[in-house]
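Visitor: Each chain, written out:
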Amino acid sequence: EDQVTQSPEALRLQEGESSSLNCSYTVSGLRGLFWYRQDPGKGPEFLFTLYSAGEEKEKERLKATLTKKESFLHITAPKPEDSATYLCAVQEAGGYNKLIFGAGTRLAVHP
Amino acid sequence: DAMVIQNPRYQVTQFGKPVTLSCSQTLNHNVMYWYQQKSSQAPKLLFHYYDKDFNNEADTPDNFQSRRPNTSFCFLDIRSPGLGDAAMYLCATRTGADNGYTFGSGTRLTVV
Numbered sequence: 007e008d009q010v011t012q013s014p015e016a017l018r019l020q021e022g023e024s025s026s027l028n029c030s031y032t033v034s035g036l037r038g039l040f041w042y043r044q045d046p047g048k049g050p051e052f053l054f055t056l057y058s059a060g061e062e063k064e065k066e067r068l069k070a071t072l073t074k075k076e077s078f079l080h081i082t083a084p085k086p087e088d089s090a091t092y093l094c095a096v097q098e099a100g101g102y103n104k105l106i107f108g109a110g111t112r113l114a115v116h117p
Numbered sequence: 217d218a219m220v221i222q223n224p225r226y227q228v229t230q231f232g233k234p235v236t237l238s239c240s241q242t243l244n245h246n247v248m249y250w251y252q253q254k255s256s257q258a259p260k261l262l263f264h265y266y267d268k269d270f271n272n273e274a275d276t277p278d279n280f281q282s283r284r285p286n287t288s289f290c291f292l293d294i295r296s297p298g299l300g301d302a303a304m305y306l307c308a309t310r311t312g313a314d315n316g317y318t319f320g321s322g323t324r325l326t327v328v
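From first to last, the protein sequence lines stand for chains A and B.
Plus 6 on top of the position in the first sequence (first one is 1) and you've got the working numbering.
Plus 216 on top of the position in the second sequence (first one is 1) and you've got the working numbering.
Chain B extracted, bound-state conformation (with noise of 0.2 Å):
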């Protein structure tokens, strides 16, 4: 019954090495956002997709990169994760015409 799915649940990675995350829709929603979400924080929003039209905030860090090959699927790359990139990540869509937002159960991102 999932309707975001977020892959993997868990990712441990090493410090300086490329990490891709990975979240997939049922919805056929048109907005897909990714927002990091740090122990005791408020998500903050990373960067978000309309349709193909990528949009970056402003203090998203370089090292975060972004995809979305199709309506389903989005990825976050992270070029060079560092010990402060350690974190809750989670994806949401939302329809262009309504203000439902479905988030995905997160990936616990974990860096050695």
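With the rest of the complex left out, here is chain A (with noise of 0.2 Å):
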């Protein structure tokens, strides 16, 4: 059965503190994996897709990288406004392209 586990479940961080956050996953045939941010009380905003292992993208404080079970989005020198629920999501091969979510990271980052 496809799985999707990230950890931490939650994260408080100081301002300038730099971490990465962990998606592992199961799937039987890799589409593509997706980051979203999730603010309270809204839908899901797109960050990063990545399709193969050893691809990296890059936007502002954040890159995601992928390897054959797991992908990390870390983030450097975080600022309170980076603040949300960062989700993790599976795209299978087949299958009408449907998202399995993990619960996501928690993060909070403290001035």
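Think of the hints as simulated: they come from the structure by calculation, not from any bench.
We put the beta carbon where it would ideally sit given N, CA and C, even for glycine.
Do not take every clue at face value.
Partial chain A-side listing against chain B, Cβ under 8 Å, derived [claimed, not checked]:
#1 G47
#2 K48
#3 F52
#4 L105
#5 G108
Both chains come to you apart, so use the hints to assemble them.
Guide: In structure tokens form, the structure reads like this:
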């Protein structure tokens, strides 16, 4: 059965304290791995798609990487406005491309 | 500028009273999804439409139905809401040609 597990569940950082979020996955065939940001009471906002092991993508203070079993979202020198829940999702090959989500990591960045 | 619009943002309904949530899109995407997200949990796919073709997830309760009268609109009907159906309901769209998913802001459903 396809599964996505994110860790840690919650992370508290001081402003400027870099860290990484983990997403491990089990899927029969990976078409893509997605990272989303979700603010309280809002829908997920797209950040990145990664397609193959070794791929990396960056956006401002965020960098996503992918291996055959997991993905990392690295946050460099975070600011309070980076506080949000970060969701990872895998898109299985075939099966009408549905997304299977992890439960997310709740990130709080304090000044 | 909102491209996937969900109404209402907040919905309170009584136990057992039918309720309908709506989703509209200005992107002309041919695939539309409904996800249920309970507090601190992963969004869970309920069903999706590929054009007019309806696909139900195996574990979606019969209490949940959906309608898509045209490309732009999709509705989620909950026939007899229970307390366990309180959640955020997310609508998303995708073109068949690429992998981009666009989510709406969600509807927070409360059952009293």
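Visitor: Failing hints, ascending?
Guide: The structure conflicts with no hint, since it agrees with every one listed earlier.
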